[in-house]
Amino acid sequence: MKQARVKENKFRNAKAAEKRKLFLISIPFLIFITAFSYVPLLGWVISFFIYYPGIPFSKMEFVGLKNFEAFFYNKKQVITVVRNTFVLSGLIILTLPLPAIFAILLNEIRNLKFKKLVQTFSTIPYFISYVLLYLAFTTILSPSDGMLNTLLVDNLGILDKPLNVLTNEKIAWTVQTATYLFKNLGYNAILYLSAIASIDTQLYEAAEVDGAGRFDKIWHITVPGLLPTFVVLLVLQIGSVLSGAGFEQYYVFGNGMIMDKLEVIDTYTYKMGIVQGNYSFGTAMSMMKSVLSVGLMLIANTLVKKIRGSSIF
Amino acid sequence: MKNKWLRLMALTMSAVMAFSVAGCGDKAASDTTASKDDSAAVKAEADGAEVAEDEVVTLKMFIRNSSKYTGLQEDPVAKYIEEKLGIRIELTVDSSLGSTTAQASTFDELLATKLATNDMDDIMDFGSTSGNPECVTNLQNAAEAGMIMPLDDLVAEYTTNLSSDPRLTVRNDYRRENMYSDGKFYSVGGWGGMGLDQLPGAAVWIRWDAYKEMGYPEIKSDDQLLEVLAQMQEKYPETPAGDKIYAVGGGFADAQGMGDGFLNRDYPLTKGYESLEGNYAVYFNHATREVENLLSDADSVFWNGVEFYFKANQMGLLDPGAMTMSSSEYSEKVNKGQYLAGYNGWTFMGKEAVLEGLGMADSGYMPLDPFDDVESMALYWESVLGGNEFAISSTCEHPDKAIQFLDWCMSEEGSRMITQGAEGLAYTVDENGTPSLTEQFKTDNAEGVVDMAEAYGKWKYAGINAFQHIDTDANGNYIQPEQTPDVENYSAVKKDALANYYKADSFTEHFTTLKTADGEDLPTILWGSYAAAIGTKPDDIKQKYGQINDFMYKQIFKMVYAADEAEYETLKAEAIEEVNNLGIDDVFNWYDTRMKEIRGNLDALIDEAVKAY
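Taken in order, these protein sequences are the chains called E and V.
Counted the way this note's numbering counts, the first sequence spans residues 1 to 313.
Counted the way this note's numbering counts, the second sequence spans residues 1001 to 1613.
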């Protein structure tokens, strides 16, 4: 009896020591996250003041919610900005299944070399900066001397006038969504490929025994196996719905002809906040966006939980 | 064994993370320590402790430049400064944040970030007061926050030029009395003077060889220009290399302030109007020294400019790629001879050698005489109070050296070397004090192969010098010897234009004696000091002009690329209505009132300072 108690105590002590060790190891990470993710949030306070770089906090003028109100100064512009943000984000959300489909198709390729080649080529654009991507696009699509227009207008004579892909307001949203896909499709597919790899192969074997074909296996095993990953990405994407494809893409690809379609909250905040030196305004916008994003993510998470019974949080 | 490796890895990662966090510790704390050490050093010096006078110090500089790299600089001018002043230049930014309009904008944004994070280098370039509307505000706030140091005592103790040259003391006095509120001055004004351009940059520059071949048809309006350009484009469809030639182009893809600069900056400037602080809402008329609201006037030169590009596009004269091109891509096409004309002469001037290298011998660009609607021409660049602002940060460990460096930059010698290159290498000075370029420099400069900034130090730090390259020194020689007219070696197009079009002995003689359409003397001064004195704007005014600029940036391109005349007129009416809704009158009235105040304060000072040149 005594021996059993001693053994139990030893086990408890060993477990406690292990927990302590894990806790100690996690401390730097906690500090890291606190220092770089939470401490900077203290800077949000300047949203309520008129902030000038270097001026002591005590000398700043408190203006309450004035900086938040400033966002709505030009209502017409705000409506455009919010519309663009939601449309561009919505289009990205609509294309969320594409990386999963791409991953499934990739997984079905039997020729290993070809599979790797496709995967490599589709992943590379993710690592190219938007600036380089824009240069590549203009080299191909420029109306004056782009490869495509030179071919279609000068060489083949198919068109009378060159195509204006990058400056056409009517197709701006489509072009930007296609650009986003070109850059991210392959990379996002990696997540699904790893999810596919984790599906128990016995399920496929059993399905084969039951006479399931390739499409049946995809539909009844692979797709359900990918759903948890899809849901996680969907919730995260809804959380970043106020960012769309991110600041860089719209900033780099934007020009006067299409800015009415590409001006999103991030670019607008940058212009009115950073470029004009209205740091308080920029911070207020950023704060408002962060709070709304967290709210949207929580709502999406709750909805998913209700529908599927599982979620991120 | 596996566990051991895992533990080791976990511990290593934790340690790395801990160091990362520790590495981001409070910079101010370490600076304070350094500052205490410095105080000790200064005290030791005062106590008579030995401090080697010839000790070379390194000064970190956040200044616009043409260097290809950051860090310690090794060009001949930097070497000269190191030997003469015991100062090594360490740049914290390179030419990617240089002096073009696009780069200047990026520079201003980086400056804002540095100020916001109190990440100050020893010498800080606060940019141009006319180019960056926030410049004066930034300086005033930095001074109030104690981020930059007052220069009064340093100038009195350590300088010779800044403390005694009347052309510079007036700049210091202006800053002390008008820019800062505590009776001290915190910045020195570089890039000033009353320089005279031999050829006007703000004018219509045209492919002269082609124009000559057409017999110099008279061009006095935009419509006549378009007609001539249409004929030229038909006659010269492509370059010898097979590249398409267009009458006009643009780098419209750049961000607001740059991409639209072709329309709201370059075109109006050729007519004598300057967009104040880059704003669409208010223009400075250099002929009258007053501000005007051009957008509300449907017949103003601003709208004429938009209409010019619209018509050019309708006639197939505008490069269809302009909307997707940046300013640098536009310049590249100019260098390939792909355009026939442009409103920004600085992009077109001196291309004779480049074009010749591309098989276009005796080709080049020259400015046309002003059209009938031109109210003034920018020949004299007035900036007697200094256009660029330089300050010494409070954390600078060697303020004495920093001010000595600035003092050298503010000298005629410094201005000459900074704009031309190192003496002895780029130029020599004879016993009469007359500088002349070396043969090697001329050869390298003409061939365009040698990196002149690195090999000679030419223009590498331009902007920090006191006087403009087109100013003259006490002996009447150009600050930049390269500006001295070399009549004998003029290119074919220059000789032809002078003899057969301008019909004058010199460019200066021709352009300074022009008349307006009414027969009056054409004003030739571009006033820089007034715009530079505007200073801080109220938040609501900034909000309003920010919205107007943003709206106009999109609207003008829609107008340029409008399908037809009817759509163009609709968009124009819509623009005028919208800018009125956005409060253009409020913005204009604020600037108008401010400009009247400035003129009341500065007219006499500027007129007096002009006489010193």
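The hints are simulated quantities; they were obtained by calculation from the structure and are not laboratory data.
The model shown is predicted, which means the values in this text are computed figures rather than measured ones.
Treat each hint with caution, since some may be false.
With a straight-line cut-off of 25 Å between C-alpha atoms, the simulated SDA-like cross-links for lysine to any residue are [stated by the list, open to error]:
(1) K76(E) with S58(E)
(2) K170(E) with Y1502(V)
(3) K1114(V) with T150(E)
(4) K66(E) with K1558(V)
(5) K76(E) with K1336(V)
(6) K1336(V) with S1096(V)
(7) K1212(V) with K1558(V)
(8) K1235(V) with K76(E)
(9) K1311(V) with E169(E)
(10) K1336(V) with T150(E)
(11) K59(E) with K1114(V)
Hint by hint, where does the structure go against what was stated? Just the numbers, ascending.
Of the numbered hints given earlier, those the structure breaks are 1, 2, 3, 4, 5, 7 and 8, listed in rising order.
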